[in-house]
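Trainee: Protein sequence lines correspond, in order, to chains A and B. Under the numbering used here, think of the first position of the first sequence as 8, with each following residue one higher. Under the numbering used here, think of the first position of the second sequence as 8, with each following residue one higher.
Keep in mind that the hints were calculated from the coordinates and are not lab data. Values in this document were obtained by computation on a predicted structure and should not be read as measured data. Incorrect hints may have been included.
Copies of the same chain look alike in the list, so a pair counts if it works inside one copy or between any two.
BS3-like, lysine-lysine: derived pairs with alpha carbons at most 25 Å apart [to be verified]: (1) Lys25 <-> Lys15; (2) Lys146 <-> Lys112; (3) Lys84 <-> Lys59; (4) Lys84 <-> Lys15; (5) Lys112 <-> Lys155; (6) Lys155 <-> Lys59; (7) Lys84 <-> Lys25; (8) Lys15 <-> Lys59; (9) Lys59 <-> Lys112; (10) Lys84 <-> Lys155.
There are 2 protein chains.
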Amino acid sequence: MVTARRFKAIGVVHSPFKKAADIPMEMNADPRGFEGTESEIALFADFEPGLKDIDGFSHLIVVFAFHVSEDGRMLVKPPFETELRGVFATRSPHRPNPIGVTVVKLLGRTGPILRVSGLDAVEGTPVLDIKPYTQKDQKTDIRTGWIK
Amino acid sequence: MVTARRFKAIGVVHSPFKKAADIPMEMNADPRGFEGTESEIALFADFEPGLKDIDGFSHLIVVFAFHVSEDGRMLVKPPFETELRGVFATRSPHRPNPIGVTVVKLLGRTGPILRVSGLDAVEGTPVLDIKPYTQKDQKTDIRTGWIK
Chain A
8 MVTARRFKAI GVVHSPFKKA ADIPMEMNAD PRGFEGTESE IALFADFEPG LKDIDGFSHL
68 IVVFAFHVSE DGRMLVKPPF ETELRGVFAT RSPHRPNPIG VTVVKLLGRT GPILRVSGLD
128 AVEGTPVLDI KPYTQKDQKT DIRTGWIK
Chain B
8 MVTARRFKAI GVVHSPFKKA ADIPMEMNAD PRGFEGTESE IALFADFEPG LKDIDGFSHL
68 IVVFAFHVSE DGRMLVKPPF ETELRGVFAT RSPHRPNPIG VTVVKLLGRT GPILRVSGLD
128 AVEGTPVLDI KPYTQKDQKT DIRTGWIK
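Hey, can you work out the whole structure from these sequences and the hints?
Mentor: What follows is the structure in structure tokens.
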């Protein structure tokens, strides 16, 4: 019933944050906390041809592996929260499948290297996929539960 | 260098679309094409506790496996397009890691079952993760390249 699937890294993140402890808790709690953070996504050479046409998009969805997290928790305590929350109602890195999804701004590209801002991933994070952010992803009139 | 990772299904999609061929091409080309589509995400019992607090969110990010796609292509032809596009500049299911990311509207929950609209995934699609859609994911003033 629970089938496992194998995914491979297509590239790696180069971040000003060398490890999770380098990220101030305030940044994780603020929805705009990472807007000023510039990182690089260095794709492995085999995947560079897949970046054709990417320059036309202002924002990208980066799918990555939380490679230093512990997985499997059902309840987690978000930064500055006192109550335990269901993991699927949070963006915690500690989840049944340690997959992160972050929308970033594309600043520029040099061959297989994308320069982006807004990426909340530490140095060495394996990148699994890159997708264009489109109208489909723009939702207005949202409710965000326990998040102020 | 390219490390592989294993991910497990946390649940499964029940969709009105029994197979990919049941989805009209127009729906895939239209950013609002799936807004009227209602599906269920049935989590496996072990993961139900992780849904605590989910009801407060109007929209969710569903991460799933494109389980019937062929992977590994660097250039793909989107619906109604004549030009080949870099796979990372498209939402094609045929990608190095067959991972889909779709923002859905949460209509309701009954135990481990979420009723959602807007999910472009066929019957039996393995679900890998569910995340709340928050302010972080709302981008305005976007450019979407080759997509009209």
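Trainee: All hints, please: hold or fail.
Mentor: Here's how the hints hold up against the structure:
no. : hint              : in the structure
1   : Lys25 <-> Lys15   : within (22 Å within a copy, 28 Å between copies)
2   : Lys146 <-> Lys112 : both (17 Å within a copy, 9 Å between copies)
3   : Lys84 <-> Lys59   : between (40 Å within a copy, 12 Å between copies)
4   : Lys84 <-> Lys15   : between (29 Å within a copy, 23 Å between copies)
5   : Lys112 <-> Lys155 : both (24 Å within a copy, 20 Å between copies)
6   : Lys155 <-> Lys59  : between (39 Å within a copy, 17 Å between copies)
7   : Lys84 <-> Lys25   : within (23 Å within a copy, 38 Å between copies)
8   : Lys15 <-> Lys59   : within (21 Å within a copy, 31 Å between copies)
9   : Lys59 <-> Lys112  : within (17 Å within a copy, 31 Å between copies)
10  : Lys84 <-> Lys155  : within (15 Å within a copy, 41 Å between copies)
Comparing the model with each earlier hint shows no violations; every hint is respected.
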